[in-house]
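Chains as they are written, first to last, in my numbering: chain F, 529 to 951; chain A, 529 to 951.
Treat the hints with care, since some could be wrong.
Because identical chains cannot be distinguished in the list, a pair is counted as satisfied if it fits within a single copy or across any two copies.
[Said to hold, decoys possible] Here are the simulated DSS-like pairs of lysine-lysine, each with C-alpha atoms no more than 27 Å apart in a straight line:
| hint | residue 1 | residue 2 |
| --- | --- | --- |
| 1 | K581 | K815 |
| 2 | K531 | K646 |
| 3 | K581 | K553 |
| 4 | K815 | K547 |
| 5 | K649 | K639 |
| 6 | K762 | K815 |
| 7 | K581 | K547 |
| 8 | K802 | K848 |
| 9 | K857 | K931 |
| 10 | K531 | K919 |
| 11 | K919 | K655 |
Bear in mind the hints are in silico, worked out from the structure with no lab data behind them.
Number of protein chains: 2
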Amino acid sequence: MRKIIVQKFGGTSVADTDKIKNVAKIVIREKQNGNDVVVVVSAMGHTTDYLVKMAKDFSENPSARELDMLLSTGEGVSIALLAMAIQAAGYDAVSFNAMQAGIMTENIHSKARIIDIKTEKIKQNLKEGKIVVVAGFQGVTDDGEITTLGRGGSDTSAVAIAAALNAERCDIYTDVEGVYTTDPRIVPKASRLNEVSYEEMLELAHAGANVLHPRSVETAKLFHVPMRVRSSFKLDNLGTLILGVEKMEINKPVTGVAADLSQVRIVVCDVPDKPGVAAKLFSRLAKENISVDMIIQSYARKISNTNDIAFTVDSADLLKTREALDALKRELGVDGNIQIDENIAKVSIVGAGMIDRPGVASAMFETLAQQNINIRMISTSEIKISCLVDKENARHAVQALHKVFGLESSEIAEVKGDLPNLD
Amino acid sequence: MRKIIVQKFGGTSVADTDKIKNVAKIVIREKQNGNDVVVVVSAMGHTTDYLVKMAKDFSENPSARELDMLLSTGEGVSIALLAMAIQAAGYDAVSFNAMQAGIMTENIHSKARIIDIKTEKIKQNLKEGKIVVVAGFQGVTDDGEITTLGRGGSDTSAVAIAAALNAERCDIYTDVEGVYTTDPRIVPKASRLNEVSYEEMLELAHAGANVLHPRSVETAKLFHVPMRVRSSFKLDNLGTLILGVEKMEINKPVTGVAADLSQVRIVVCDVPDKPGVAAKLFSRLAKENISVDMIIQSYARKISNTNDIAFTVDSADLLKTREALDALKRELGVDGNIQIDENIAKVSIVGAGMIDRPGVASAMFETLAQQNINIRMISTSEIKISCLVDKENARHAVQALHKVFGLESSEIAEVKGDLPNLD
Numbered sequence: 529m530r531k532i533i534v535q536k537f538g539g540t541s542v543a544d545t546d547k548i549k550n551v552a553k554i555v556i557r558e559k560q561n562g563n564d565v566v567v568v569v570s571a572m573g574h575t576t577d578y579l580v581k582m583a584k585d586f587s588e589n590p591s592a593r594e595l596d597m598l599l600s601t602g603e604g605v606s607i608a609l610l611a612m613a614i615q616a617a618g619y620d621a622v623s624f625n626a627m628q629a630g631i632m633t634e635n636i637h638s639k640a641r642i643i644d645i646k647t648e649k650i651k652q653n654l655k656e657g658k659i660v661v662v663a664g665f666q667g668v669t670d671d672g673e674i675t676t677l678g679r680g681g682s683d684t685s686a687v688a689i690a691a692a693l694n695a696e697r698c699d700i701y702t703d704v705e706g707v708y709t710t711d712p713r714i715v716p717k718a719s720r721l722n723e724v725s726y727e728e729m730l731e732l733a734h735a736g737a738n739v740l741h742p743r744s745v746e747t748a749k750l751f752h753v754p755m756r757v758r759s760s761f762k763l764d765n766l767g768t769l770i771l772g773v774e775k776m777e778i779n780k781p782v783t784g785v786a787a788d789l790s791q792v793r794i795v796v797c798d799v800p801d802k803p804g805v806a807a808k809l810f811s812r813l814a815k816e817n818i819s820v821d822m823i824i825q826s827y828a829r830k831i832s833n834t835n836d837i838a839f840t841v842d843s844a845d846l847l848k849t850r851e852a853l854d855a856l857k858r859e860l861g862v863d864g865n866i867q868i869d870e871n872i873a874k875v876s877i878v879g880a881g882m883i884d885r886p887g888v889a890s891a892m893f894e895t896l897a898q899q900n901i902n903i904r905m906i907s908t909s910e911i912k913i914s915c916l917v918d919k920e921n922a923r924h925a926v927q928a929l930h931k932v933f934g935l936e937s938s939e940i941a942e943v944k945g946d947l948p949n950l951d
Numbered sequence: 529m530r531k532i533i534v535q536k537f538g539g540t541s542v543a544d545t546d547k548i549k550n551v552a553k554i555v556i557r558e559k560q561n562g563n564d565v566v567v568v569v570s571a572m573g574h575t576t577d578y579l580v581k582m583a584k585d586f587s588e589n590p591s592a593r594e595l596d597m598l599l600s601t602g603e604g605v606s607i608a609l610l611a612m613a614i615q616a617a618g619y620d621a622v623s624f625n626a627m628q629a630g631i632m633t634e635n636i637h638s639k640a641r642i643i644d645i646k647t648e649k650i651k652q653n654l655k656e657g658k659i660v661v662v663a664g665f666q667g668v669t670d671d672g673e674i675t676t677l678g679r680g681g682s683d684t685s686a687v688a689i690a691a692a693l694n695a696e697r698c699d700i701y702t703d704v705e706g707v708y709t710t711d712p713r714i715v716p717k718a719s720r721l722n723e724v725s726y727e728e729m730l731e732l733a734h735a736g737a738n739v740l741h742p743r744s745v746e747t748a749k750l751f752h753v754p755m756r757v758r759s760s761f762k763l764d765n766l767g768t769l770i771l772g773v774e775k776m777e778i779n780k781p782v783t784g785v786a787a788d789l790s791q792v793r794i795v796v797c798d799v800p801d802k803p804g805v806a807a808k809l810f811s812r813l814a815k816e817n818i819s820v821d822m823i824i825q826s827y828a829r830k831i832s833n834t835n836d837i838a839f840t841v842d843s844a845d846l847l848k849t850r851e852a853l854d855a856l857k858r859e860l861g862v863d864g865n866i867q868i869d870e871n872i873a874k875v876s877i878v879g880a881g882m883i884d885r886p887g888v889a890s891a892m893f894e895t896l897a898q899q900n901i902n903i904r905m906i907s908t909s910e911i912k913i914s915c916l917v918d919k920e921n922a923r924h925a926v927q928a929l930h931k932v933f934g935l936e937s938s939e940i941a942e943v944k945g946d947l948p949n950l951d
């Protein structure tokens with residue numbers, strides 16, 4: 529049986545008709561390798577921003593259903609154009625929107641999760657020798673309502689389709705050349721990783737590496753779909769393969785260093801030192817769909833019988849968090865102060881190799897101390913250590929840690945794409 | 529039971545977000561009148577041209593299926609934005625693409641015909657008090673393939689939906705103020721018709737009046753759907769009502785004058801004077817889907833035993849016609865010349881009142897003769913007389929006929945929109 533390769537191209541890779549022609553070449557090359565090819569594409573370039581801007585002309589908060597209807601047209605354009613480009617190059621192709629491709633989601637707008645993929649139509653068309661082009665980021669409910677998948681949606685579409693088709697691999701083509709040991713804009717000698725495990729990739733993604741959204745990696749891990757992140761523009765470079773840990777060569781304790789500047793630190797002061805208060809606080813935030821990252825609870829003060837609870841949330845959730853906390857304070861009759869600190873950065877080291885190598889954490893803390901960088905909070909997982917530092921120290925911290933853990937490449941990485949600026 | 533009004537807005541009426549807000553107001557006004565409202569919209573302004581231009585970057589002749597996929601996104605944008613605009617004004621609305629609205633067509637791309645409309649979803653949403661916004665111009669096949677309806681498509685969607693819902697009326701909102709006795713750019717004193725019959729509107733549309741495509745009028749006539757053509761921008765004007773002839777006040781023999789400059793005259797010379805030759809010729813053209821308008825066959829020449837056949841086709845079909853004729857000449861072993869004359873115009877007078885009033889035709893011919901305009905061909909129907917004249921005489925002919933048949937208004941019509949230029 530022929531192998532199936534799923535390829536995914538983001539908005540930058542299909543930003544104009546010349547770039548779509550370039551994508552068609554990449555797709556055809558894979559077909560010429562003797563594989564069946566399913567291509568998942570995002571909307572062209574800034575289409576989504578443009579559509580959202582028009583929607584905001586009517587309302588700051590347009591109906592999520594109608595916004596999904598609107599945004600889904602973006603991929604409708606790119607799939608049809610890519611199918612035409614492939615046909616113009618002499619290969620048979622057919623485009624499917626989410627409804628036609630059978631990408632079934634739950635009935636939630638703007639952030640639906642994929643429930644099932646009805647692959648009959650895709651399979652039939654592959655069997656007929658066609659290259660199948662599928663709209664990413666969108667889905668459809670049992671009732672025929674159009675949904676969108678939210679952040680990381682197109683990557684997740686591609687991985688889910690690869691899982692449903694039992695594909696050989698899911699290649700994520702993007703504007704960077706792979707996964708790096710850290711952001712090459714902070715450390716020009718950052719090295720590209722040839723391979724990285726799902727777990728490490730997940731931690732790196734959560735720690736602020738913007739190459740892949742954790743959601744797609746989670747799906748890949750769950751269904752054992754090997755993923756490859758590679759550049760749409762530099763094809764001689766194989767990028768980074770993401771797969772199960774058993775294949776990894778773990779010769780370094782740390783695989784990558786990342787910084788996340790989008791977190792905000794919140795301290796709720798003078799919380800009564802009674803059982804269940806922290807639970808109430810965090811279950812309230814969970815109910816509001818606010819993800820809490822790091823948490824520290826101070827020792828209770830003997831005199832006032834209160835303590836302080838500090839935690840971090842994404843800055844996008846700050847307003848919602850404030851509202852939830854204010855409501856909770858009224859409810860609990862608590863009068864404590866709420867302190868908000870936006871001047872923070874989370875610096876993380878990630879590596880499957882740190883599990884059985886003691887001293888990695890202390891090496892991290894020492895390195896930061898040597899650089900006179902104060903650590904405000906710490907959180908750890910099996911394969912990750914994160915330290916909260918002042919924002920102005922983030923760049924310095926990443927550079928020092930990248931060097932200490934021996935991640936430097938002999939070459940200067942070429943920086944492409946729109947990576948977040950740490951300055 | 530509440531009455532249902534179907535409203536249709538063309539691309540000019542939804543060209544930008546301000547215009548969409550204006551449309552929302554018109555829709556809501558109808559809802560406030562106590563009616564259930566279904567709104568059919570085209571793609572915004574020049575969206576379709578823009579999409580086609582991108583497609584042509586890949587191929588002069590892109591796959592019709594993929595072109596339909598591409599073009600259908602245009603209405604996807606306008607329906608969602610209009611639903612948002614209506615919601616922002618405080619009314620409940622929901623947008624449906626063709627698949628959701630159940631607009632079932634035959635499986636032919638770029639010019640599909642509507643077979644059926646599954647109205648359950650629209651009816652259910654009307655029942656819930658919602659204003660339903662439906663994508664015009666597009667349909668879906670039983671297999672879930674997206675089709676487009678071709679020229680006059682959005683008007684036809686609206687009329688078909690009105691028929692399926694047994695609606696009170698189908699209002700076609702456009703950038704002109706109604707149906708005029710002739711093009712106000714040729715005759716500034718052209719009068720707006722308050723009412724016109726389906727039959728007259730059909731003849732006017734075929735004769736070159738560009739307000740409505742004959743296809744939508746045919747559908748309206750077939751299902752007895754009253755149509756109203758009116759301006760999106762001048763709401764104090766009720767436009768023109770198009771309905772069954774029994775309601776018409778026929779006090780003038782002629783209702784309107786129109787000119788069609790898109791015809792080409794073709795003369796096939798020296799055709800053998802044998803039975804069946806003309807039949808072969810025109811059945812061949814019909815097979816190629818070429819509509820022939822006027823036909824004249826000359827008397828046979830006794831010596832050569834041949835005759836000439838002259839007819840007109842739409843200039844868009846000229847190339848196809850030439851190819852069909854060349855093939856036929858080879859097939860029949862005929863060596864006759866083919867003459868093509870693009871310098872022609874068809875000038876028509878239309879009126880249900882001419883049926884029982886003799887002398888209308890002769891009045892037309894005399895008027896043209898007085899203006900020194902030579903008539904090249906003539907064709908007639910029960911309620912229409914068309915004369916082929918040289919292109920440079922078209923304007924003059926229309927002006928003279930409009931005056932002779934007493935169609936002038938006391939007011940100068942305000943000219944809006946993109947009417948075809950006769951110069």
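Hint check:
no., hint, result
1, K581 with K815, "neither (30 Å within a copy, 48 Å between copies)"
2, K531 with K646, "within (19 Å within a copy, 41 Å between copies)"
3, K581 with K553, "between (33 Å within a copy, 21 Å between copies)"
4, K815 with K547, "neither (43 Å within a copy, 40 Å between copies)"
5, K649 with K639, "both (25 Å within a copy, 24 Å between copies)"
6, K762 with K815, "neither (44 Å within a copy, 51 Å between copies)"
7, K581 with K547, "both (24 Å within a copy, 16 Å between copies)"
8, K802 with K848, "within (25 Å within a copy, 87 Å between copies)"
9, K857 with K931, "neither (45 Å within a copy, 83 Å between copies)"
10, K531 with K919, "neither (47 Å within a copy, 63 Å between copies)"
11, K919 with K655, "neither (54 Å within a copy, 56 Å between copies)"
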